[in-house]
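Colleague: Position chains B and C against the provided structure of chain A, taking the given hints into account.
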Amino acid sequence: MTKMYPRDNNHNPVIVTGFGGKDGQRRELTMPARYAINAILVALFVFGGNFLVGEGLISRYQTVVFEQIGVYVLMTVSLNIVTGYLGQLPLGHAGFMSIGGYACAIFIIRMMPLFGLDAQSMASGSTPAVILFVVGLLFGGICAALMGVVIGIPALRLRGDYLAIITLGFAEIIRVVLVNIDSALGFKLTGGASGLTGIPAYTGYLNTAIVVSLAIFAIHTLMKSRHGRAILAIRDNEIAAEASGVNTTYYKTLAFVFSAFLAGIAGGLYAGCIGVMAPAKFGFMKSVEILVMVVLGGMGSMFGSVVSATVLTVLPEALRAFADYRMVAYAIVLILVMIFRPEGLFGSYDFSLSRIIERIMNKDFPWNKDDSDEQTDVPVNAKADAQANEQADTQVDVQAEASTDSKEA
Amino acid sequence: MFLTQVLNGLQLGSIYALVALGYTMVYGIILLLNFAHGDIIMFGSYVAWIALVQLGLNPAIAVLLAIFGCVVLGVLIDKVAYAPLREAPRLSILITAIGVSYLLENGVQLLLGADAKVVPSIIDLGTVQVFGSTLSGTALLTVAVTIVATVVLTLLVQKTRLGKAMRAVSEDMGAARLMGVNVNSTISFTFAVGSALAGIAAILYSMAYQQVSPTMGVMLGTKAFVAAVLGGIGSIPGAVIGGLIVGFSEVFVAAFGLSVWQDAVVFLLLILVLVVKPTGLLGRPVTEKV
Amino acid sequence: MATKHTTKLIRQESPNLIPERDLGAIPVLQAEHLGIDFGGLTAVNDFNIALGPTEISGIIGPNGAGKTTVFNLLTCVYKPTRGTVMIDGYDLAGKSVVEANHMGIARTFQNIRLFNNMTVMENIQVGQGSHMTSHFFEDVLRLPAHWKQEKESADNAHELLRIFGMENLANTLAGNLPYGAQRKLEILRALATQPKILLLDEPAAGMNPAETDELMENVLKIRDDFKIAVLLIEHDMKFVMGICEGLAVLDHGNIIAKGTPEEVQNNPRVIEAYLGKQEVR
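Chains as they are written, first to last, in the numbering used here: chain A, 17 to 425; chain B, 3 to 292; chain C, 2 to 282.
Okay, chain A solo, but in the shape it has when bound:
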């Protein structure tokens, strides 16, 4: 990008990138510092957790629950790309999960002999096992992404409900194909309605933690880039986005395919965690379950997605006695959240440790409101604000109401 505006050379940028902070200026962390803080946190989580698993302080059962949490977190954050950030409602996310799961599991089962591995050594963490795991997972993700292209191109031309129904239809087609492909092909591939069995337990704590962390990092960096801004712009106002030169077809497809890719990866993890793939598990209900997680957490909030996926995966495990009521409770919670807090529990709030550290650096605490930077910047003009709000209300966008919340947060 070339600079085109007439510039004078003695202006001072508002953002201070440095640790110091002169009088009246806000102290901010530099980018490397932010990345270092987050990298340390993730490393602690990944390797610390792995150490605990190795020491036997986290039981086998807890590890499996953790793996499932990882799978659902990945499913939720990936659906959040399309629902929260792009503002579309696909109802076939479980379809991508199943494609990725089957593709990854079949690939790994078929390739194990080539790598000299068996079901036991696949879970061992040896170098060939790790390579096969990574390749298999990528293979699953890419298969799901290709399916995302096939589905996305016709589906994304349609608006709202049509997109929902067409993705639902595609997911059903995928399910029917998975059940019947064996008889059509004449040899055993997916195992039909009874499912694919004998999948080695390749998922594990370490693999799950690393994959989920990487995926969250990738979504974060995508959204904080020109690509992410284009996606958000489409959600906020598609017509204005086009007029501003955003190629809406491209960015919608990009978001959709990236989401499908991550769902495929999640499917691959799922297959290795559960050990059995059955088409019936990836019906419409699974897609809705994921949607509930996204909506409950807050559309457009990665933090919300992670929290709600975790809670909604752990709760049923913890409350097995009430399993019958779980679905009814899901439904009621979904309706109540939509009526009373449509932006979800966390709205579009996202947790940021760097921001908290910056607040401490600037002694910018909730109890000394005066230092709060954003509030004082906005010219107080009640009448104009009311007008602006009126404008906002007329827009058909996902979370017109969420804006105020995220600002306060």
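Some clues are possibly wrong.
No farther apart than 30 Å at their CA atoms in a straight line, the calculated lysine-lysine pairs in the DSS-like style are these [claimed, not checked]: (1) Lys80/C to Lys149/C; (2) Lys197/C to Lys240/A; (3) Lys80/C to Lys279/B; (4) Lys161/B to Lys302/A; (5) Lys119/B to Lys302/A.
Far from chain A, by Cβ distances over 12 Å, these chain C residues were calculated [what the hints assert, rightly or not]: (6) His34; (7) Asn46; (8) Pro54; (9) Lys80; (10) Gly84; (11) Trp148; (12) Glu187; (13) Ala191; (14) Leu200; (15) Met217; (16) Val271; (17) Glu273.
These are calculated hints, taken from the structure and not from any lab test. Glycine is no exception: its CB is placed at the ideal position from the N, C-alpha and C atoms.
Modeller: For chains B and C alone, coordinates are given in the frame of chain A:
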């Protein structure tokens, strides 16, 4: 044999058409894909089952109870779940509809169990012999009821005051309100009519398949919505044509011995139509004002 | 921005609207016999305009005259039934809205259309997006190209905000801005796409006199500093007369008068269109 297949297609298509009409009406007026519509049918079928089997009531009363139950449930759903979200973003109300659908399915499952229940035949119409083919009386009745229901609905929408109000609200809710149309009661009325059609469909479905289960509405509803979209959502003849297309294609795919693929064929058909004509066969193009 | 331009058309001699300083140059925007029918209704008919590279011109006319429709035709929102539009001599026929923007036409909307849940800064950066070349993987993996482009983009956006005195609002959500600032941000976002022509649809609507004066200054600043052409629709006559070098008056889809503001002001057909025909008793 061929005639029997045609009648089977007509029968199934008619049921889809009745359900699709409900979708089309609700969509036409508040632009909502009412995910719970299929489950209203499930509810109606369960009411019929309870009335017939548990309470041993007269079949005629059971039919009326089922239709009445659907109407009450449909209006109730609108008042409780959708009405508070009239001004909310479309996505919120769509998700609410999914929630309602989920609630009905799982609620019924919790109360009455997940297994399918057998519904005894409501009336036995026997069979008719035409040109050497055996035609079932139930199928003929289904087709006849659908024709009558469609005609009545068309007259209702085109000729009556309420129909005019419905069309006005679907055109422009704000303007209709300014013109003195009671928008809320018009929407309730639309839900009532759509749910009554669902009730009729529930009876016809129970007569045809003689069993009910908590999740029966999901596929039925989804395919009927496919039918409505195929025909062009918001259009009454479109819903009927779409319903017949879906019904016939299912019956003929099954006739070729490929019944395991019939769901896939229906959805593939939908996708093809939407790719070629995004508003369905008889739908009007919608353009957003810039 | 990989927009393939079609063959360059030969410029026809343009009408007399272009100010003297632009006379030698190819008109940056030229519409010839432009028209569109909706069903049987002719919304715009035989619309001709030629805009010099640094010209400020206006389209005025009563409500429903087809002014916004003209904007929609010029920006490829609608496909014209008749006629051609050229940007810098390149034909716009068959282009999408996005391609038209990439070719150098940017606009604002009558009813403000901002990205309400994004900050002022991000709104501008969306506009800059098509001039950024960082690849998907460069962005996701945070490769050096990403940092370089983000810095340039942020610098340019701050510069743009500074020029128009909105720097202190950089991190405010667009939806929370006061009305006047929202209008201004829409213009800045359009400018960020680096257009050759800026179309403003009723930029002064709902503004008080002080805000209108500031807007006038800003439009002149855009013309002088950015060296681009501005075509605007406006009802505020003080604004239009004070700033436009040429005017076209639209009524029922037809241009009924064209010329300098003074010429237009005294044209009896214009007075008739605005005030109605005086009845002869």
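Colleague: Output the numbers, in ascending order, of every earlier hint that fails for this structure.
Modeller: The structure conflicts with hints 1, 4, 11, 12, 13, 14, although it agrees with all the remaining ones.
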